[in-house]
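> Letter by letter, the chains look like this.
2 protein chains.
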Amino acid sequence: MNEAFKQAKIAYEEGEIPVGAVIVCKNKIIAKAYNQTEMLNDVTAHAEILAITSAENYLGAKYLTDCKLYVTLEPCVMCAGALFWSQITEVHYAAPDPKRGFRQCNPSILHPKTKLIQGSLASESEQLLLDFFKKLRN
Amino acid sequence: MNEAFKQAKIAYEEGEIPVGAVIVCKNKIIAKAYNQTEMLNDVTAHAEILAITSAENYLGAKYLTDCKLYVTLEPCVMCAGALFWSQITEVHYAAPDPKRGFRQCNPSILHPKTKLIQGSLASESEQLLLDFFKKLRN
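Residue numbers (the working numbering), protein chains in the order written: chain A, 17 to 154; chain B, 17 to 154.
Take the hints with a grain of salt, since some may be wrong.
Pairs involving identical chains hold if they fit within one copy or between any two copies, as the list cannot separate such chains.
Below are the DSSO-like pairs computed for lysine-lysine, each with C-alpha atoms no more than 30 angstroms apart in a straight line [said to hold, decoys possible]:
| no. | residue 1 | residue 2 |
| --- | --- | --- |
| 1 | 131 | 150 |
| 2 | 42 | 150 |
| 3 | 48 | 78 |
| 4 | 129 | 150 |
Treat the hints as calculated values from the structure; they're not laboratory data. Quick caveat: nothing in here was measured; it's all calculated off a predicted structure.
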């Protein structure tokens, strides 16, 4: 989660909503990404989507079995839907998202094979988001 | 929807699950795409996601207000989540998807501003999918 948090801090510095993600396969980081919706003018460019695409490209495979996602914010419906298709083994999120988190919509969006885990750095990840929106308003 | 169906037929010819999509803005097609999950080894490469990214790139804007999506199959949860973020004006789908369509998960995933419309070519689009899976099994 430390590496995902570093990605979120890069997003913060670049004026993006600060969310970062990494994907680990057999103890090796195979993808890192941060939210780039502003830079790319693309609502689909969430950290998780970019990390999934990157990891699948690295593996040359469509499925992320034996992979773990670490993300600093609970995935939204779009990202949870993408994670469903990937059949990823574990999803670790830091801060819960009571507004746009997928669990508000339907807690069963992830694949039945996928384990959802509340990871570390929840308060740090949330604080980074709060700082970002505070700066944006000023 | 005729143009979306042409995209689905290209997917069929290329061995992809045959789903096609186009996005129309002010009576002009600004994006065309078909499912490319196999070719790109990417579960996120659904026709709708590729069309959204392409349309936003064309417009240089993150939001698809004043745009209409035509897609040959009811969007999945991932694609409906992406359409939510895009705030697209209308979503026209041909064939319903009783298994993986977003309405099975939660009918309110789309943005409140978005109008969902059952469009034309439903049986043709469904038949193309049935033909594809029949060919795949043989």
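> Hint by hint, which ones does the structure fall short of?
1, 2
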